[in-house]
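> Below, each chain spelled out in residue letters.
Number of protein chains: 4
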Amino acid sequence: MSSKLIAIVAGVGPGTGASVARKFAATYPVVLLARKPESYEPLAKEINSNGGKAIGISTDVADSSSVKNAVQKIKEEFGNDVGAAAAIFNASGGFRRSPFLELPEDVFTSSLAVSATGGFHFSQATLPLLLKGVEQKSKYPPSLIFTGATASVKSNALMASFATGKWALRALSQSLAKEFGPQGVHVSHVVVDGVIDIERTKEWMKGMPKEAKLSPEGIANDYWYLHTQPVTNFTWEIDLRPAVEKW
Amino acid sequence: MSSKLIAIVAGVGPGTGASVARKFAATYPVVLLARKPESYEPLAKEINSNGGKAIGISTDVADSSSVKNAVQKIKEEFGNDVGAAAAIFNASGGFRRSPFLELPEDVFTSSLAVSATGGFHFSQATLPLLLKGVEQKSKYPPSLIFTGATASVKSNALMASFATGKWALRALSQSLAKEFGPQGVHVSHVVVDGVIDIERTKEWMKGMPKEAKLSPEGIANDYWYLHTQPVTNFTWEIDLRPAVEKW
Amino acid sequence: MSSKLIAIVAGVGPGTGASVARKFAATYPVVLLARKPESYEPLAKEINSNGGKAIGISTDVADSSSVKNAVQKIKEEFGNDVGAAAAIFNASGGFRRSPFLELPEDVFTSSLAVSATGGFHFSQATLPLLLKGVEQKSKYPPSLIFTGATASVKSNALMASFATGKWALRALSQSLAKEFGPQGVHVSHVVVDGVIDIERTKEWMKGMPKEAKLSPEGIANDYWYLHTQPVTNFTWEIDLRPAVEKW
Amino acid sequence: MSSKLIAIVAGVGPGTGASVARKFAATYPVVLLARKPESYEPLAKEINSNGGKAIGISTDVADSSSVKNAVQKIKEEFGNDVGAAAAIFNASGGFRRSPFLELPEDVFTSSLAVSATGGFHFSQATLPLLLKGVEQKSKYPPSLIFTGATASVKSNALMASFATGKWALRALSQSLAKEFGPQGVHVSHVVVDGVIDIERTKEWMKGMPKEAKLSPEGIANDYWYLHTQPVTNFTWEIDLRPAVEKW
Numbered sequence: 001m002s003s004k005l006i007a008i009v010a011g012v013g014p015g016t017g018a019s020v021a022r023k024f025a026a027t028y029p030v031v032l033l034a035r036k037p038e039s040y041e042p043l044a045k046e047i048n049s050n051g052g053k054a055i056g057i058s059t060d061v062a063d064s065s066s067v068k069n070a071v072q073k074i075k076e077e078f079g080n081d082v083g084a085a086a087a088i089f090n091a092s093g094g095f096r097r098s099p100f101l102e103l104p105e106d107v108f109t110s111s112l113a114v115s116a117t118g119g120f121h122f123s124q125a126t127l128p129l130l131l132k133g134v135e136q137k138s139k140y141p142p143s144l145i146f147t148g149a150t151a152s153v154k155s156n157a158l159m160a161s162f163a164t165g166k167w168a169l170r171a172l173s174q175s176l177a178k179e180f181g182p183q184g185v186h187v188s189h190v191v192v193d194g195v196i197d198i199e200r201t202k203e204w205m206k207g208m209p210k211e212a213k214l215s216p217e218g219i220a221n222d223y224w225y226l227h228t229q230p231v232t233n234f235t236w237e238i239d240l241r242p243a244v245e246k247w
Numbered sequence: 001m002s003s004k005l006i007a008i009v010a011g012v013g014p015g016t017g018a019s020v021a022r023k024f025a026a027t028y029p030v031v032l033l034a035r036k037p038e039s040y041e042p043l044a045k046e047i048n049s050n051g052g053k054a055i056g057i058s059t060d061v062a063d064s065s066s067v068k069n070a071v072q073k074i075k076e077e078f079g080n081d082v083g084a085a086a087a088i089f090n091a092s093g094g095f096r097r098s099p100f101l102e103l104p105e106d107v108f109t110s111s112l113a114v115s116a117t118g119g120f121h122f123s124q125a126t127l128p129l130l131l132k133g134v135e136q137k138s139k140y141p142p143s144l145i146f147t148g149a150t151a152s153v154k155s156n157a158l159m160a161s162f163a164t165g166k167w168a169l170r171a172l173s174q175s176l177a178k179e180f181g182p183q184g185v186h187v188s189h190v191v192v193d194g195v196i197d198i199e200r201t202k203e204w205m206k207g208m209p210k211e212a213k214l215s216p217e218g219i220a221n222d223y224w225y226l227h228t229q230p231v232t233n234f235t236w237e238i239d240l241r242p243a244v245e246k247w
Numbered sequence: 001m002s003s004k005l006i007a008i009v010a011g012v013g014p015g016t017g018a019s020v021a022r023k024f025a026a027t028y029p030v031v032l033l034a035r036k037p038e039s040y041e042p043l044a045k046e047i048n049s050n051g052g053k054a055i056g057i058s059t060d061v062a063d064s065s066s067v068k069n070a071v072q073k074i075k076e077e078f079g080n081d082v083g084a085a086a087a088i089f090n091a092s093g094g095f096r097r098s099p100f101l102e103l104p105e106d107v108f109t110s111s112l113a114v115s116a117t118g119g120f121h122f123s124q125a126t127l128p129l130l131l132k133g134v135e136q137k138s139k140y141p142p143s144l145i146f147t148g149a150t151a152s153v154k155s156n157a158l159m160a161s162f163a164t165g166k167w168a169l170r171a172l173s174q175s176l177a178k179e180f181g182p183q184g185v186h187v188s189h190v191v192v193d194g195v196i197d198i199e200r201t202k203e204w205m206k207g208m209p210k211e212a213k214l215s216p217e218g219i220a221n222d223y224w225y226l227h228t229q230p231v232t233n234f235t236w237e238i239d240l241r242p243a244v245e246k247w
Numbered sequence: 001m002s003s004k005l006i007a008i009v010a011g012v013g014p015g016t017g018a019s020v021a022r023k024f025a026a027t028y029p030v031v032l033l034a035r036k037p038e039s040y041e042p043l044a045k046e047i048n049s050n051g052g053k054a055i056g057i058s059t060d061v062a063d064s065s066s067v068k069n070a071v072q073k074i075k076e077e078f079g080n081d082v083g084a085a086a087a088i089f090n091a092s093g094g095f096r097r098s099p100f101l102e103l104p105e106d107v108f109t110s111s112l113a114v115s116a117t118g119g120f121h122f123s124q125a126t127l128p129l130l131l132k133g134v135e136q137k138s139k140y141p142p143s144l145i146f147t148g149a150t151a152s153v154k155s156n157a158l159m160a161s162f163a164t165g166k167w168a169l170r171a172l173s174q175s176l177a178k179e180f181g182p183q184g185v186h187v188s189h190v191v192v193d194g195v196i197d198i199e200r201t202k203e204w205m206k207g208m209p210k211e212a213k214l215s216p217e218g219i220a221n222d223y224w225y226l227h228t229q230p231v232t233n234f235t236w237e238i239d240l241r242p243a244v245e246k247w
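Chain order of the listed sequences is A, B, C and D. Here the first sequence stands for residues 1 to 247, where the numbers follow the working numbering. Here the second sequence stands for residues 1 to 247, where the numbers follow the working numbering. Here the third sequence stands for residues 1 to 247, where the numbers follow the working numbering. Here the fourth sequence stands for residues 1 to 247, where the numbers follow the working numbering.
Next comes chain A alone, as it looks inside the complex (with noise of 0.2 Å):
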C-alpha cells in the first residue's frame, strides 16, 4: 500500500503559486514554501479550513542550507519515507528592466540566485521524494514543474537579469527531463507568455477585456493536467497565452 503523498510549491504568491497549490489540494497534502510567513499563511489557513491540508515553510530556495531545513522539517511532518506526487517551481528572483550598464550586480546576482541555484537546491531536494513516489506507485507520474515566461525563451533588451535566469531555469528543466524521465519522474517547462490576471496586474492593460490575462486557475488546471498525463505521454513544455495576445 502506497502511503500518502505530498505536493510542494514553492513561490506561493498571490498568483500562479496560490492557484497551483489550491489545485493540487483538492488531491495532496500542499506544502508551501515561501521566504516570509505572509506569503504562505493566509493560503494555509484557506486551504485547511476548506478540507485540504497544507503546511507552509519559511524557506528562500537560494539558499541549499534553508531548502534543507525545508526538506528536514516535511519529513517531521509526513515521515521520513514521505514520497512527493509532485513538486512545483514557481519562484523567481527581483530582477530589474534596466539598461545593463545601470543594473546593479546585485539585482543580477540575486535574480540569477533564485531562478537557477533555487530551481537547483529545489530540485536536489525534491527529486528523491518524487523517486519515492514513484517507488510507492504514485496514480500519477510524480512531476517536478518549473514556471517559465516570455523571458524563457526570448531576451529583450533592458531584461538580461530576468532572462538570464529564465534561460538557465529552463536548461534544468531540459536536463532534467531528461535524466529522471526514463526513471519515472515527468519534468516540465511552462512557459507563461502573457500577463497573469491578479491583484497586483489590476491596472494594467486597461481598456482590455478581461480575456486578455491570462487566468491562474487556468494556469493551474494545465499544471494538473500535465501532472496527470501517463509515462506514454510526457510534455516537457507548454506555452500558454491569452487568446488576444500578440507574439
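Source of the hints: derived by calculation from the structure; they are not laboratory data. Keep in mind that this is a model prediction, so the values were computed, not measured. Do not take every clue at face value.
Which copy? The list can't say, so a pair holds if one copy fits it or any two copies do.
Straight-line C-alpha distance at most 25 Å; calculated SDA-like pairs for lysine to any residue [said to hold, decoys possible]:
id	residue 1	residue 2
1	Lys4	Leu101
2	Lys4	Lys132
3	Lys246	Thr150
4	Lys210	Pro14
Following the hints, position chains B, C and D against chain A.
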C-alpha cells in the same frame, strides 16, 4: 440557441487519427476524412454503433476541389450554417528515408502536397466553420489542431522529404495561431516525438517495455485537453514523448 | 590538376542575388539563373565587361525540366565534367501579405513551389557538381548556400504564404548540411533579418539613416566568408541584420 | 584622430582563447585575462616577441572587484580614455558531467558564477570601453563576442551544471545585442559545436581524421570575421562544427 457543432478529423488512419476521432465523438458528431473509404468506414461504423455519430467522406487534402467537395457534403449533412468545435489535421504524405540524390521528385512533392498544401486547404475549409463555432458560443473555444512530429523541429540527414512538409505545416500553424487566436479560434501544433503504439509498429522496439511507445489514446486526451483550454490560456505547442525516450 | 570550377546563382534580381554573383564572379565563372532574361542579362553583361565570365540561363526553379535543361546548358558551356565551387539559392516565390481566408490557392502553392520545391530541384541539380568540386580539390569547400529571411524562423499573422516555403527551405538546408557536410560540401542557411537596401526599397523607412538597411554587398561578403570556411569549421546558419534593427 | 584601440580576451587557455588573442593581436594591443599567470604569460611573451603588444592581468571574472581591478590596470596601461575594438568572453567554469543528485552545489554554482555572472561582470566592464571605441570611430564596429557551446542550445542529461551557465550566457548576449547594436557595438554569440583540436583533446576521437576536430585558428578567423562585419550587416549568432560532425 447554438446549433449542434461538429468535429472534423483529416487523416484517420489506425493510430492518432482514429483515437482522436473516438475521443471527440463522445461529445460531437464527427466527420472523418481520408483518401480511401477503407480508412474511415470501420471507424464510422464503430462510432455510430456506440451511440455516437460519424460520417466519412473520401477526401484528398492535397486537392482543393476534393476538400471543397467535402465541405459541400458536410453542409448537406449538417446544414449550411453548421459550425465546428474542432478541426484536426492529422494527414501525412508518403515520404521516404533516402539519400537526397536518390529521392524521386514525386516523393518530395507529394509529401509537401499533403503536409503543406493539404494543411492550407484543410485550414481554409474549416476555419469558416470554426469561426461559426465562435459565433454560436461553443462551450470550448473552437480548435484547429495540427499533428507534428520530431521532424517538425529537427531536420535530419535523409529525411528531407518528411521534414520540409512538417516544418511548413508548423509555420502554417504558428501564423494561424497568431491570426485566429484573437478571433477566438485556438490553433495548436503537437510535436509527437516517438513511436506510436499501433498495429504497424508492433514489431518495432522489441525488447522495450510497452511504455516505450506513445499511446494513441493518450495523444487523443492531449488533443482534447488543448481543446478545452479557455481563451485566457491557449497553448500553441506541446511536445509528447514516452518517459523513456532519448531526446 | 583541377579544371575550372564554377559558381551558380539562382534568383539574380537586383539585390542579394546580383551582389552575390558579382562577388563570386571575381573568382569563378558564374552561371546566372532567373526566369526572365531581363533579370540576368544586364548583370551578365556587366560581369563579362569587367573581366569576369558570366552566362545567364532562363530557368524556372519550380520546374524540374527547366532546371535539368539549365544543367544541360551548363555542361555544354563548361564541359561534362564541370565541378561547382558554389551554388547559391536566392529565389523566392511571389507570396502575399493577406488575411488567411483571402489568400488565393495559387499564391500559396506558387510560393511553396519556388521556395521548397525550387530548393529541392536546385539542390538535386547542383549537388552532383559540388561533389565534383570536392573530387577536384577545390581551394575552398564547395558551398551550397540558401537565402532565408526573418520568416524562416518566425511565422507571423498574414504571412503564411511566405513562411511555409521559407521554413521548408530551412528544413531542407539543415537536412542537406547533415548529409553532405561529411562528404565535403558546406551547406549553409542565411537568415536575412531586415530590409535590404535596393532600388525597390528606396522609399521604405524614410527618415531612418542609410545604415538601417542591410547592404547587399555586405550580404555578398558574408556568403563569400561562409564559402571560405575550412572543413574543420563549417557554419550552418548565420543571421544578418542592421545594427539598429529591433528584434 | 582616434587613439589606439585595444582588444580584451577573457579566458585565454590553450585553445580558442589563445588563438583569438593571437589573431586580434595582429591589429590591436591585446589584454589577456585569466585567473592564473601561467595561463597568459607564455602567450603574452609570444605575442610581444612577435612584434605585437600584449599584457596579462590575473583576473577572476566571477568576482566583480577582480574585474574592476583589471579595468583599472588597463587604464593605467593604456590611458583613462582607452577605447576597445573588441572584447571576447571565452571563460568557462569547471562543470562536471554527473548524475544530478550527485552534483555538488559548489560545482553547479561555480560554473554559473563564471558563465553567467562572469559574463555580466565582463560585459559591464568592457561595454564602456567598446562605446568609447564607437566614439573614437573605430575602423570596425567594436565587438563583444561570447563563446558558446553545443550545451548553449541543448541541455542534455547529466550536463545541467554546464548547460545552465551556457544558456544564461546566451540570454545575456541576446539581450546585449538588442540593446547595444543600435549604439554601434556588435554583440555576437558563437555556438562551438564539436571538439576543438588542442593538446588536451589529442587523445580524443582516435581513428578519426584530423578534420574531425575544430581548428582553433579557424575559430579565431570566424571571430575576426564577425568583428569586421559593418553596421549594416551584424550577425548575432553563428554555429561552428567540423564538416564530419554528426548533429
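> Please name the hints from earlier in the document that this structure breaks, with their numbers sorted from lowest to highest.
No hint contradicted; all consistent.
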